[in-house]
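If you want the building blocks of each chain, they are given just below.
There are 4 protein chains.
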Amino acid sequence: MRKKPKQKRSRQMVDALIEATATAIVERGLEGITTHHIAETAGVSVGSLYQYFDDKEALVEALVDKLANEIAQALLRLPMSQDGDLRCNVALIIQFGFGLLNSRDGLYLELVRNWHSLPTDRVMDILQQSFMDLSRVYFLKHYQNNPIQDLHVRIFIISNSVMFTMVRFIGQPQMMTQEEITRGLTDMVVGYLE
Amino acid sequence: MRKKPKQKRSRQMVDALIEATATAIVERGLEGITTHHIAETAGVSVGSLYQYFDDKEALVEALVDKLANEIAQALLRLPMSQDGDLRCNVALIIQFGFGLLNSRDGLYLELVRNWHSLPTDRVMDILQQSFMDLSRVYFLKHYQNNPIQDLHVRIFIISNSVMFTMVRFIGQPQMMTQEEITRGLTDMVVGYLE
Amino acid sequence: MRKKPKQKRSRQMVDALIEATATAIVERGLEGITTHHIAETAGVSVGSLYQYFDDKEALVEALVDKLANEIAQALLRLPMSQDGDLRCNVALIIQFGFGLLNSRDGLYLELVRNWHSLPTDRVMDILQQSFMDLSRVYFLKHYQNNPIQDLHVRIFIISNSVMFTMVRFIGQPQMMTQEEITRGLTDMVVGYLE
Amino acid sequence: MRKKPKQKRSRQMVDALIEATATAIVERGLEGITTHHIAETAGVSVGSLYQYFDDKEALVEALVDKLANEIAQALLRLPMSQDGDLRCNVALIIQFGFGLLNSRDGLYLELVRNWHSLPTDRVMDILQQSFMDLSRVYFLKHYQNNPIQDLHVRIFIISNSVMFTMVRFIGQPQMMTQEEITRGLTDMVVGYLE
DNA sequence: AATGAATGAGGTTTCATTCAT
DNA sequence: CATGAATGAAACCTCATTCAT
Numbered sequence: 007m008r009k010k011p012k013q014k015r016s017r018q019m020v021d022a023l024i025e026a027t028a029t030a031i032v033e034r035g036l037e038g039i040t041t042h043h044i045a046e047t048a049g050v051s052v053g054s055l056y057q058y059f060d061d062k063e064a065l066v067e068a069l070v071d072k073l074a075n076e077i078a079q080a081l082l083r084l085p086m087s088q089d090g091d092l093r094c095n096v097a098l099i100i101q102f103g104f105g106l107l108n109s110r111d112g113l114y115l116e117l118v119r120n121w122h123s124l125p126t127d128r129v130m131d132i133l134q135q136s137f138m139d140l141s142r143v144y145f146l147k148h149y150q151n152n153p154i155q156d157l158h159v160r161i162f163i164i165s166n167s168v169m170f171t172m173v174r175f176i177g178q179p180q181m182m183t184q185e186e187i188t189r190g191l192t193d194m195v196v197g198y199l200e
Numbered sequence: 007m008r009k010k011p012k013q014k015r016s017r018q019m020v021d022a023l024i025e026a027t028a029t030a031i032v033e034r035g036l037e038g039i040t041t042h043h044i045a046e047t048a049g050v051s052v053g054s055l056y057q058y059f060d061d062k063e064a065l066v067e068a069l070v071d072k073l074a075n076e077i078a079q080a081l082l083r084l085p086m087s088q089d090g091d092l093r094c095n096v097a098l099i100i101q102f103g104f105g106l107l108n109s110r111d112g113l114y115l116e117l118v119r120n121w122h123s124l125p126t127d128r129v130m131d132i133l134q135q136s137f138m139d140l141s142r143v144y145f146l147k148h149y150q151n152n153p154i155q156d157l158h159v160r161i162f163i164i165s166n167s168v169m170f171t172m173v174r175f176i177g178q179p180q181m182m183t184q185e186e187i188t189r190g191l192t193d194m195v196v197g198y199l200e
Numbered sequence: 007m008r009k010k011p012k013q014k015r016s017r018q019m020v021d022a023l024i025e026a027t028a029t030a031i032v033e034r035g036l037e038g039i040t041t042h043h044i045a046e047t048a049g050v051s052v053g054s055l056y057q058y059f060d061d062k063e064a065l066v067e068a069l070v071d072k073l074a075n076e077i078a079q080a081l082l083r084l085p086m087s088q089d090g091d092l093r094c095n096v097a098l099i100i101q102f103g104f105g106l107l108n109s110r111d112g113l114y115l116e117l118v119r120n121w122h123s124l125p126t127d128r129v130m131d132i133l134q135q136s137f138m139d140l141s142r143v144y145f146l147k148h149y150q151n152n153p154i155q156d157l158h159v160r161i162f163i164i165s166n167s168v169m170f171t172m173v174r175f176i177g178q179p180q181m182m183t184q185e186e187i188t189r190g191l192t193d194m195v196v197g198y199l200e
Numbered sequence: 007m008r009k010k011p012k013q014k015r016s017r018q019m020v021d022a023l024i025e026a027t028a029t030a031i032v033e034r035g036l037e038g039i040t041t042h043h044i045a046e047t048a049g050v051s052v053g054s055l056y057q058y059f060d061d062k063e064a065l066v067e068a069l070v071d072k073l074a075n076e077i078a079q080a081l082l083r084l085p086m087s088q089d090g091d092l093r094c095n096v097a098l099i100i101q102f103g104f105g106l107l108n109s110r111d112g113l114y115l116e117l118v119r120n121w122h123s124l125p126t127d128r129v130m131d132i133l134q135q136s137f138m139d140l141s142r143v144y145f146l147k148h149y150q151n152n153p154i155q156d157l158h159v160r161i162f163i164i165s166n167s168v169m170f171t172m173v174r175f176i177g178q179p180q181m182m183t184q185e186e187i188t189r190g191l192t193d194m195v196v197g198y199l200e
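Chains as they are written, first to last, in our numbering: chain A, 7 to 200; chain B, 7 to 200; chain C, 7 to 200; chain D, 7 to 200.
I should point out that these hints are in silico values taken from the structure, not numbers from a laboratory.
Be aware that a few hints might be false.
[Claimed, not checked] Derived pair list, reagent style DSS-like, types lysine-lysine, alpha-carbon separation capped at 27 Å:
1. 14/A x 62/A
2. 62/A x 62/B
3. 72/A x 62/A
4. 14/A x 72/A
5. 62/D x 62/C
6. 62/B x 72/B
7. 62/B x 62/D
8. 14/C x 62/C
9. 72/D x 62/D
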């Protein structure tokens, strides 16, 4: 970001631009957005856009960052069962994920699809961290003396498996239901972790 | 394809163009390719390109199709153990997958990354079919009277989980080894199927 | 024309190409025709096209020439009243003109519209010659000793007035009928000649 | 028009582009103009051209519109004799027409020649309206109780006859003089109207 | 003679970014 | 600070014409 917006007016402008970016992505896809369209949607001039963001990419980065934080917040508020019911918690997270992917008119979906041209690591880190925390709590209880092997590898595998399977499913949900996918993923993950 | 290449000369040109497309994608990424660059790489004029392909997209489609067929062929030649050792076969396929993703200077990697803007279904169909066949053989032997539930859902989940986890891993292999990923995926898949 | 087609085969080819040009013009307009389309319509290769015609323009020229001759022939067969009824003969020619412009799916229409980029003089010459003959016969009878002044100017004015008014009318016949136009033109021409 | 030119600067640019279009048409013919050439002639970048006009066609339309308005203005200023001398007024209009067609290095000529691919209706409407007004005034005076029949048909015929005969004459004035054509047309028109 | 594959100049349009006001 | 007019590189695609087979 080119300039730290200290003043209230500027802060609003930055926010408007980031939200406009989100809207534009939903409307035209990540590849279809243009700076003009974003600026117009934000009710701001292109010049102002470049006052606060180095280039188009910076805008998207800021958006991804913002969403990542929101997701992190939401994950913290997830009512995980604290008694160590793994299956229950995994299913909860998966449902949370589906909720996310289906929200905001497919904004998350479009972003995950294009993860490779985005600083998605930030997001994946957050998700993986969440899984990590969940797992750690769980395993601390159950395998306290016998810690699970390769936990970070498992978390990596699970995070990516779950996320991309969901995205792929949403893209072509013809031959199965979301419930089936949720159950299947839960089975797989729980089986892998136990 | 605009024109059926009947003559040997034409066939060569079509091949050269498809190969040039592959090269260009490796060099510049799927989004970075241009018709001029492809034609130049193929040692051919732009006009010729358009004599055989309707547009840029058609070129990429042809490439994907060709690769899909090659993969299908290669999968058939995989020395699967016929005695029903699931773990062994799963590991074999995963290693095959890694081999593919690491081959051709990352061509497959780039294509999988951009799956959403490609006719990837074709490829995924092939992979899923392969898993399907493998599983079917396996389960016919072991659970003949008790067929596995939701096989197509499982296959879908497994195919996507394995493939995208591998792709994501290759993108940032810093904190774990390919062996660890392979083992982890194999564990997960086998656990899920048994 | 590049080559005089002496052999029967060649003659057929030239004819086919000219007819294909006509068809192409009807289908796509004079500006829309391409050598490939013409050759294909004629069932011949582009190479052959260039064997007999210097370039695209030559094809159109040949077509115009052919049509001009046909028109000249048809005009000769027009059943002009020989008793010197000018109005009758003028109306006859105008109706003949409308017939022409409405024939061949608008081929003549399209050609007249684009007269400025064609060797239309050839055609206009023929028409003017026809009017000229008609008038001469008429005036020889009636004004034998008192020849009409500026006959060639009048013929020029009349030919162009009649032809382009008809073409313009066909282009947008909403607010009047062909009969009205025919009567009006006849009135004007006869008035001008008498 | 893509953007309403509110500022003075923009207005100048739009004008420059329209004038450049006129110049380009004179230099290269209506079919020969290119966006780059127009932009260059206007001393402006292609991008700017597209900021104010949707496409090439829009430019030509704007030009035609502008000229049509100018013609309408000029026609209003024509010193028509108000005492009802039809011949005099007709000749005046025809001379005005020749003046127009010979002005601006043949710009009008080229436009009329290509009337079929232009929104020429606008222009013809203006001319026909002008004739219509002229005629109406005239006939109101002279045939007040006995209004002329089919006035709109006559106007249509006359407008097109006069205009295209003049255009055709300018294209090949070898065998007659402008005076002869003017006199001839005037004779014909007056004869037709009386 | 006939073919049709190959050429490549040339045209239209988009859009990220800058900079004078 | 904000504006938005201006820029111009760069991409896609067409089609008249040639020439090796």
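Status of the hints after comparison with the structure:
Proximity of residue 14/A to residue 62/A is assessed by CA-CA distance (about 23 Å); at most 27 Å being required, the pair is judged to hold. A hinted pair counts as satisfied when its Cα atoms are at most 27 Å apart, and residue 62/A with residue 62/B qualifies at roughly 25 Å. For the hint pairing residue 72/A with residue 62/A, the CA-to-CA distance comes to about 16 Å; that is within 27 Å, so the pair holds. The suggested pairing of residue 14/A with residue 72/A holds, with an alpha-carbon distance near 18 Å, which does not exceed 27 Å.
Taking the CA atoms of residue 62/D and residue 62/C, the gap is about 25 Å. The hint holds against a cut of 27 Å. Distance hint between residue 62/B and residue 72/B is fulfilled; the C-alpha atoms sit about 16 Å from each other, no more than 27 Å. Note on residue 62/B and residue 62/D: the hinted pairing holds, with a Cα-Cα distance of about 26 Å set against a maximum of 27 Å. Taking the CA atoms of residue 14/C and residue 62/C, the gap is about 23 Å. The hint holds against a cut of 27 Å.
Simply put, residue 72/D and residue 62/D have alpha-carbon atoms about 16 Å apart, close enough for the 27 Å limit, and the pair holds.
The earlier numbered hints are all upheld by this structure, with none contradicted.
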